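Going by this note's numbering, the sequence shown wraps up at 685, each residue one higher than the last.
Simulated from the structure, these hints should not be mistaken for lab results.
Quick caveat, the model's predicted, so the values are computed rather than measured.
Just so it is clear, CB atoms sit at the ideal spot from N, CA and C, and this is done for glycine as well.
There could be a bad hint or two in this list.
[Claimed, not checked] Listed next, with one range per pair, are the computed distances between beta-carbon atoms: (1) 559 / 633: 29 to 35 angstroms; (2) 656 / 606: 40 to 46 angstroms; (3) 606 / 639: 45 to 51 angstroms; (4) 667 / 632: 18 to 24 angstroms; (5) 639 / 607: 34 to 40 angstroms; (6) 620 / 650: 36 to 42 angstroms; (7) 669 / 541: 14 to 20 angstroms; (8) 599 / 563: 17 to 23 angstroms; (9) 530 / 652: 33 to 39 angstroms; (10) 653 / 552: 43 to 49 angstroms; (11) 667 / 620: 18 to 24 angstroms; (12) 517 / 560: 20 to 26 angstroms.
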Amino acid sequence: MTLDPLAALVGYWGLALVFAGAAAHKLRDRSGFQDVLAAYDLLPPLLVPWMVGGLGLAEVAVAVGLVGQWPPAALAAALLLAVYAVAMAVNLGRGRRLRDCGCGGRIRPLSWGLVARNVLLVAVSLALLMPSGERALVPLDGFTALCALAALAALQGAVDGLSSDAGGEEAR
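Work out the full structure, taking the sequences as your base and the hints as a guide.
As C-alpha cells, this is what we get:
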C-alpha cells in the first residue's frame with residue numbers, strides 16, 4: 514500500500530504546523546512551561562529546567578524535518594506525541610486534572626480528549642512512514658494542499674477553543 518503524495522504533503526506539513534506552534538509556545542514562555550512540566554510530577558525536579566528547553570528545541574527540529582518531508586522526523590513526531598499522551602494519561606489515571614496540558618496556545622486542562630488527539634496524531638505520523646506513490650504533484654495539488662492545511666488549522670483552532678472552554682471553572 515502506498516500513500517498518495519498529496520496526502521503525504523498535507524500530513525507532513527500539518528504536523529509541522531502543530532509542532533511549530535507547540536515549540537513557539539514552549540520557547541516563548543519558558544517559565545510558564547516549566548511550571549506546567551513540573552505540575553505533571555513525572556520528572557525529578559532537577560531535570561525539569563533542562564527538559565523545558567530540550568523539548569522546545571526537539572519540537573523545532575521535528576517541525577523542520579517534517580517540512581522537508583523527512584521520514585525520521587515523522588518517527589520522532591510519533592515518539593514525542595506518544596510520550597506526551599502517556600504523560601497525560603498517567604496524570605488523568607492518578608485523578609489529577611491539571612489546569613494546563615502544556616500543549617501550546619490556549620490554556621487547556623488535561624482531558625482524555627487530548628490523549629485521544631495525541632493518539633490520532635501518532636497514527637498520522639506513523640502513516641507518513643508508508644511509501645509514497647510515484648504520482649507527480651500538479652499545480653492543482655498545491656492549491657488543494659493549501660486548502661486542506663487551512664481547513665486543518667481551522668479545525669484545530671475550533672477544537673482548541675472548545676477544549677479550553679470545556680475546562681470551565683473546575684480547571685481554574
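Per the hint of 33 to 39 angstroms, is the separation of the Cβ atoms of residue 530 and residue 652 within bounds? Violated, since residue 530 and residue 652 (Cβ atoms, about 22 angstroms apart) do not stay within the stated range.
45 to 51 angstroms as the expected CB spacing between residue 639 and residue 606, which holds or is violated: This hint is violated: roughly 24 angstroms between Cβ atoms.
Assessment of proposed distance window 17 to 23 angstroms (beta carbons of residue 599, residue 563): Since the Cβ atoms of residue 599 and residue 563 sit about 20 angstroms apart, the hinted range of 17 to 23 angstroms holds.
Using the beta carbons of residue 620 and residue 650, state whether their distance is inside 36 to 42 angstroms or not. holds (39 angstroms)
Range hint compliance [Cβ, residue 653 to residue 552, 43 to 49 angstroms]: 47 angstroms Cβ-Cβ, so the 43 to 49 angstroms window holds.
Does the Cβ pair residue 639, residue 607 satisfy 34 to 40 angstroms? violated (28 angstroms)
Distance restraint evaluation - residue 667, residue 632, Cβ atoms, bounds 18 to 24 angstroms: Holds - the Cβ-Cβ distance for residue 667 and residue 632, about 22 angstroms, lies within 18 to 24 angstroms.
Between residue 669 and residue 541, does the beta-carbon spacing fit 14 to 20 angstroms? holds (18 angstroms)
Looking only at beta-carbon atoms, does the pair residue 667, residue 620 fall within the given range of 18 to 24 angstroms? Given about 20 angstroms between the Cβ atoms, the range holds.
If I claimed the Cβ atoms of residue 656 and residue 606 lie 40 to 46 angstroms apart, would that claim hold in this structure? Cβ of residue 656 to Cβ of residue 606: about 45 angstroms, so the range 40 to 46 angstroms holds.
20 to 26 angstroms was suggested as the range; check whether the CB atoms of residue 517 and residue 560 agree with it. Violated: the Cβ-Cβ distance is about 42 angstroms, outside 20 to 26 angstroms.
Verdict for residue 559, residue 633 (Cβ pair) under range 29 to 35 angstroms: Since the Cβ atoms of residue 559 and residue 633 sit about 34 angstroms apart, the hinted range of 29 to 35 angstroms holds.
Consistency note: the structure conflicts with the earlier hints numbered 3, 5, 9, 12.
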